[in-house]
Amino acid sequence: DAGVTQSPTHLIKTRGQQVTLRCSPKSGHDTVSWYQQALGQGPQFIFQYYEEEERQRGNFPDRFSGHQFPNYSSELNVNALLLGDSALYLCASKSGFSTDTQYFGPGTRLTVL
Amino acid sequence: AQKITQTQPGMFVQEKEAVTLDCTYDTSDQSYGLFWYKQPSSGEMIFLIYQGSYDEQNATEGRYSLNFQKARKSANLVISASQLGDSAMYFCAMRGYGGATNKLIFGTGTLLAVQP
Chain A
1 DAGVTQSPTH LIKTRGQQVT LRCSPKSGHD TVSWYQQALG QGPQFIFQYY EEEERQRGNF
61 PDRFSGHQFP NYSSELNVNA LLLGDSALYL CASKSGFSTD TQYFGPGTRL TVL
Chain B
114 AQKITQTQPG MFVQEKEAVT LDCTYDTSDQ SYGLFWYKQP SSGEMIFLIY QGSYDEQNAT
174 EGRYSLNFQK ARKSANLVIS ASQLGDSAMY FCAMRGYGGA TNKLIFGTGT LLAVQP
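Protein chains in written order, with the numbering used here: chain A, 1 to 113; chain B, 114 to 229.
Hints were generated in silico from the structure; no laboratory data involved. In this text, all values refer to a predicted model and were calculated from it rather than measured experimentally. There could be a bad hint or two in this list.
Said to hold, decoys possible - To give an idea of the chain B side of the interface with chain A (calculated C-beta under 10 Å), a few residues:
id, residue
1, 148
2, 206
3, 219
Said to hold, decoys possible - Here are the in silico distance ranges between beta carbons for each label pair:
id, chain 1, residue 1, chain 2, residue 2, range
4, A, 111, B, 182, 39 to 45 Å
5, B, 167, A, 61, 33 to 39 Å
6, A, 82, B, 123, 27 to 33 Å
7, A, 59, B, 171, 31 to 37 Å
We put the beta carbon where it would ideally sit given N, CA and C, even for glycine.
Here chain A stands alone, though its shape is the one from the complex (with noise of 0.2 Å):
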């Protein structure tokens, strides 16, 4: 049974570029969600999809954008880069909307110089 994954596992991008961030959910999986995490911060929520519409937002700029496929894998796309977006990307799955535990993948660092 395969876990939640992400790609790529590393990413150095530079002030202003765009960076697009895959996850494909678990299996059985249809919701996904995505967070930041900061070094030494606990994870933040950018955004949740689920039947390819964003039904949750959090409070990030229109910068971080996304993107549910109907296999259920998603995309977080960031533009225009700055250094304060270096982090550690997470995203979750879980299987229906009003289900409660989500399990995460392993990641994604980001860093932006």
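Dock chain B against the given chain A, drawing on the hints supplied.
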């Protein structure tokens, strides 16, 4: 606003001993869920245990148990018989507002070091 507080930045425990990691929460919701996750140095957040606000029994999962005291708004994690592999960052989290929303709100974490 909802908030999770973890007041222990770091903890030491001897191998085979039990350890309690503290978590307090603040919410005005009647229905909510509380979670504990483990984050090794590799970065992946590993789900450990879940407690629903209406569950009368404290949750247990193997060596993990959640000491849920609703009136005190605390949800402490107890790890029995600590192992070297338990060394990691531990996060307490709460499901956000309402039953249909699923945002997890995390604390700042506790770094646990298990000593041989």
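**OP:** Hint says 39 to 45 Å; check whether the CB-CB distance for residue 111 (chain A) and residue 182 (chain B) agrees.
**Re:** About 41 Å separates the Cβ atoms of residue 111 (chain A) and residue 182 (chain B), which means 39 to 45 Å holds.
**OP:** Could you see if the CB distance from residue 59 (chain A) to residue 171 (chain B) stays within 31 to 37 Å?
**Re:** holds, 33 Å
Subject >> Outcome of range test on Cβ distance (residue 167 (chain B), residue 61 (chain A); 33 to 39 Å) >> reply: Between residue 167 (chain B) and residue 61 (chain A), where Cβ atoms are some 37 Å apart, the hint holds.
Subject >> Per-residue hint verdict: residue 219 (chain B), partner chain A, C-beta under 10 Å >> reply: This hint holds: residue 219 (chain B) lies near chain A, its Cβ roughly 3 Å from the closest one there, short of 10 Å.
Original post:
Should the hint that residue 148 (chain B) touches chain A count as held when the rule is a Cβ pair under 10 Å?
Top reply: Nearest chain A Cβ about 7 Å off; hint holds.
Subject >> Verdict for residue 82 (chain A), residue 123 (chain B) (Cβ pair) under range 27 to 33 Å >> reply: Check passed, 30 Å falls within 27 to 33 Å.
**OP:** Please verify that hint: residue 206 (chain B), Cβ, nearest Cβ of chain A, below 10 Å or not.
**Re:** holds, 8 Å
When each numbered hint is compared with the structure, no violation occurs for any of them.
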